[in-house]
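Visitor: Residue-level listing of the chains:
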Amino acid sequence: MLQFLLRRALLAVLVCLTVLVVAFVLTRLSGDLAISIAGPQATAEDIATIRQNYGLDRPLVVQFFDWAAHAAQGDLGRSYLYHAPVAGLIADRLPITLTLGLSGLAIALLVAIPLGILAAMYEATFVDRAIGIVALIGQAMPSFWIGLVLIIVLGLKLQWLPISGVDTWEGYIMPAVVLAFSAIPALMRLTRAGMIDALASDYIRTARAKGLRPGRIVLKHALRNAAMPVVSVAAVQLGFMLGGSIVIEAVFALHGVGYLAWESISKNDFPVVQAVVLFLAVVYIGLTLLADMMNAVLDPRLRTA
Amino acid sequence: MSLRHFATGLGLLIVGIVLVAGLLAPYIAPHDPFAQDLMKRMIPPEWMDGGSALYPFGTDQLGRDYLSRLLYGARISLLIGTLAVVTSGLIGITLGILGGYFGGRVDDVVMFAITCRLSIPLILVALTVVAFVGSSLTVVVLTLGLLLWDRFAVVARTTTMQVRTLDYIAAAQAAGASRLHILTREVLPNILSHLVVVATLEMALAILLEAALSFLGLGVPPPLPSWGLMIAEGKDYMFFSPWVIMIPGIALFVLVLGINLLGDGLRDMLGTGRRV
Numbered sequence: 010m011l012q013f014l015l016r017r018a019l020l021a022v023l024v025c026l027t028v029l030v031v032a033f034v035l036t037r038l039s040g041d042l043a044i045s046i047a048g049p050q051a052t053a054e055d056i057a058t059i060r061q062n063y064g065l066d067r068p069l070v071v072q073f074f075d076w077a078a079h080a081a082q083g084d085l086g087r088s089y090l091y092h093a094p095v096a097g098l099i100a101d102r103l104p105i106t107l108t109l110g111l112s113g114l115a116i117a118l119l120v121a122i123p124l125g126i127l128a129a130m131y132e133a134t135f136v137d138r139a140i141g142i143v144a145l146i147g148q149a150m151p152s153f154w155i156g157l158v159l160i161i162v163l164g165l166k167l168q169w170l171p172i173s174g175v176d177t178w179e180g181y182i183m184p185a186v187v188l189a190f191s192a193i194p195a196l197m198r199l200t201r202a203g204m205i206d207a208l209a210s211d212y213i214r215t216a217r218a219k220g221l222r223p224g225r226i227v228l229k230h231a232l233r234n235a236a237m238p239v240v241s242v243a244a245v246q247l248g249f250m251l252g253g254s255i256v257i258e259a260v261f262a263l264h265g266v267g268y269l270a271w272e273s274i275s276k277n278d279f280p281v282v283q284a285v286v287l288f289l290a291v292v293y294i295g296l297t298l299l300a301d302m303m304n305a306v307l308d309p310r311l312r313t314a
Numbered sequence: 002m003s004l005r006h007f008a009t010g011l012g013l014l015i016v017g018i019v020l021v022a023g024l025l026a027p028y029i030a031p032h033d034p035f036a037q038d039l040m041k042r043m044i045p046p047e048w049m050d051g052g053s054a055l056y057p058f059g060t061d062q063l064g065r066d067y068l069s070r071l072l073y074g075a076r077i078s079l080l081i082g083t084l085a086v087v088t089s090g091l092i093g094i095t096l097g098i099l100g101g102y103f104g105g106r107v108d109d110v111v112m113f114a115i116t117c118r119l120s121i122p123l124i125l126v127a128l129t130v131v132a133f134v135g136s137s138l139t140v141v142v143l144t145l146g147l148l149l150w151d152r153f154a155v156v157a158r159t160t161t162m163q164v165r166t167l168d169y170i171a172a173a174q175a176a177g178a179s180r181l182h183i184l185t186r187e188v189l190p191n192i193l194s195h196l197v198v199v200a201t202l203e204m205a206l207a208i209l210l211e212a213a214l215s216f217l218g219l220g221v222p223p224p225l226p227s228w229g230l231m232i233a234e235g236k237d238y239m240f241f242s243p244w245v246i247m248i249p250g251i252a253l254f255v256l257v258l259g260i261n262l263l264g265d266g267l268r269d270m271l272g273t274g275r276r277v
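So the sequences go chain by chain: F and E.
When you read off a place in the first sequence, starting at 1, and then add 9, the result is the number in our numbering.
When you read off a place in the second sequence, starting at 1, and then add 1, the result is the number in our numbering.
Everything labelled a hint here was simulated from the structure, so no lab data went into it.
Backbone N, C-alpha and C fix where the C-beta goes; we use that ideal spot for every residue, glycine too.
Be a bit skeptical, because a hint or two may be false.
[Claimed, not checked] Just a sample of chain E residues kept apart from chain F, beta carbon distances all over 10 Å, derived:
1) Arg5
2) Gly23
3) Tyr28
4) Glu47
5) Leu63
6) Leu99
7) Val107
8) Val126
9) Thr166
10) Pro190
11) Leu219
[As the list claims (entries may be wrong)] Stretch by stretch, here's where chain F covers chain E in the computed footprint (C-beta under 8 Å, at least three residues):
12) 74–81
13) 206–213
14) 237–251
15) 260–271
[To be verified] Listed below are the simulated DSS-like cross-link pairs for lysine-lysine, each with C-alpha atoms no more than 30 Å apart in a straight line:
16) E:Lys41 - F:Lys166
17) F:Lys276 - E:Lys236
18) F:Lys166 - E:Lys236
19) E:Lys236 - E:Lys41
20) F:Lys219 - F:Lys229
Model the full structure from these sequences, guided by the hints.
Guide: Written out as structure tokens, the structure is:
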């Protein structure tokens with residue numbers, strides 16, 4: 010068990026290091042950052058000043074190790090657009106993205122699990138196929154477009170919900186629902202597959218033979234076993250959703266981490282861009298590690314793997 | 002006819018129609034998709050009040066014919082979807098087969114690459130690359146191709162592991178076939194049906210991602226008629242003229258749904274089951 014956890018933790022650290030390199034390389038793809046930051050009207054002198062102020066005149070390897078060493082200590086550099094430490098900028102905007110991600114995940118689970126159970130109980134019947142097609146339809150809708158359509162219908166025509174911002178909790182409803190869309194098909198298929206396996210197993214046959222009520226069998230005996238992979242995939246999905254919320258934050262003008270990233274990308278604010286890439290990757294790595302550990306604790310069979 | 006066959010047929014029909022529309026765009030488009038006419042801005046579609054038969058789907062904020070832009074947009078979606086799948090397929094299938102066939106250290110490296118790829122936030126990195134390298138069709142295709150190979154690799158790896166120990170591989174080895182021959186002539190054809198299903202999934206994803214990138218202003222550059230870009234450009238007018246975002250949005254939705262239905266049908270027909 011301990012060896013398994015150590016191996017996983019070591020892997021996580023290696024992945025973090027790789028992402029560190031990727032995030033750094035990404036922001037250097039433009040060739041000369043100083044020229045892009047200075048803008049089209051800059052003089053050669055301005056460019057030279059910027060190059061010196063941001064340490065861009067140093068060799069790339071030196072820049073990388075300087076950044077990596079600071080990042081490892083939690084110092085992600087300074088935004089030249091906001092003239093503030095990047096770590097603080099991310100921390101300020103994190104609550105919005107986190108609220109959005111967690112409520113999106115909650116909605117996704119509330120929709121996906123019952124649908125998955127239903128599809129498994131009526132496997133290969135019309136109900137199962139219809140649910141499968143509903144999932145395909147959900148998967149085919151571009152999330153930013155659903156967002157805009159909801160804004161028109163619920164925000165403008167019916168005026169039930171605010172169309173942007175999160176001054177009240179109602180502002181989170183539409184973005185969270187849209188974010189949930191992306192996670193529902195995967196979670197639903199997983200619940201369905203797990204439930205089909207569980208329902209075909211010996212302990213369910215025993216439970217049926219004992220004469221337990223079908224509802225009790227499904228909810229208490231089968232779901233408990235089918236839910237485990239769902240829980241761990243839910244953690245991974247949360248990672249994807251936090252990364253994907255950039256599109257939804259842009260549609261609903263929510264000033265979260267995604268919006269910050271979008272803004273910084275369009276304005277060449279490279280310290281923020283590389284920091285957000287690194288931050289989201291580390292969150293994802295942490296979540297997958299957590300999911301693996303939860304699995305190892307819940308299912309002893311996995312510990313030797 | 003069962004619901005399943007109907008769904009697969011529908012998927013095939015949709016993809017076929019979009020393909021034909023895209024290929025024939027220069028011949029069937031009623032107008033030049035780039036021609037602006039500031040006197041004819043925001044004409045509603047034919048079926049709405051004030052619509053004109055000259056512009057069946059209306060015109061956009063620069064007076065360009067919406068139907069023509071939509072038809073040319075099909076080319077962009079299909080082109081990006083296909084090329085991104087080819088690129089990512091080459092990368093992912095190569096990695097997956099190598100890891101699955103050789104196992105050991107090779108497999109460790111492949112698994113590590115997959116883990117790293119999954120940790121990298123997809124949309125954010127794609128946006129960054131396009132912003133820092135410059136937006137063009139080529140950059141978008143390459144970016145998506147270099148990012149979307151993970152599922153190809155995962156599926157190629159597991160399926161290769163399953164066929165590796167089968168008799169015909171052992172026979173080829175005994176006959177003295179080279180490794181390259183075994184991997185490309187014995188392993189690949191036998192896992193291909195699984196990979197075709199992955200290809201449909203990735204194509205749908207690539208098309209949706211291109212639309213999202215273009216919508217955020219960091220995908221295909223204007224004035225190209227990408228459906229995502231059409232939605233972005235129509236966004237400011239959507240409150241008074243919702244059709245400007247509904248038409249390209251429905252087009253995207255229908256195309257992606259068609260590809261997904263086709264993929265689902267292929268999965269059933271090829272018997273690839275839940276492994277994909």
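Visitor: Are the hints correct? Go through all of them and say.
Guide: Do the hints match the structure? See the list:
1. Arg5: violated (6 Å)
2. Gly23: For Gly23 (chain E), whose nearest Cβ neighbour in chain F is about 18 Å away, the distance exceeds 10 Å, so it holds.
3. Tyr28: Consistent with the label, Tyr28 (chain E) stays out of reach of chain F, its closest Cβ about 28 Å off (over 10 Å).
4. Glu47: holds (21 Å)
5. Leu63: Holds, because the least Cβ-Cβ distance between Leu63 (chain E) and chain F comes to about 20 Å, which exceeds 10 Å.
6. Leu99: holds (19 Å)
7. Val107: Val107 (chain E) is indeed farther than 10 Å from all Cβ atoms of chain F, at 17 Å.
8. Val126: violated (6 Å)
9. Thr166: holds (20 Å)
10. Pro190: Nearest chain F Cβ is 28 Å from Pro190 (chain E), so the label holds.
11. Leu219: Given that some Cβ of chain F is not farther than 10 Å from that of Leu219 (chain E), nearest at about 7 Å, it is violated.
12. 74–81: Not satisfied, violated; 0 residues make the cut.
13. 206–213: Coverage by chain F holds here, the residue count being 3 at a Cβ distance below 8 Å.
14. 237–251: holds (count 6)
15. 260–271: holds (count 3)
16. E:Lys41 - F:Lys166: holds (27 Å)
17. F:Lys276 - E:Lys236: The hint holds at about 21 Å.
18. F:Lys166 - E:Lys236: holds (16 Å)
19. E:Lys236 - E:Lys41: holds (19 Å)
20. F:Lys219 - F:Lys229: holds (14 Å)
Consistency with the previously given hints fails for numbers 1, 8, 11 and 12, ordered from lowest to highest.
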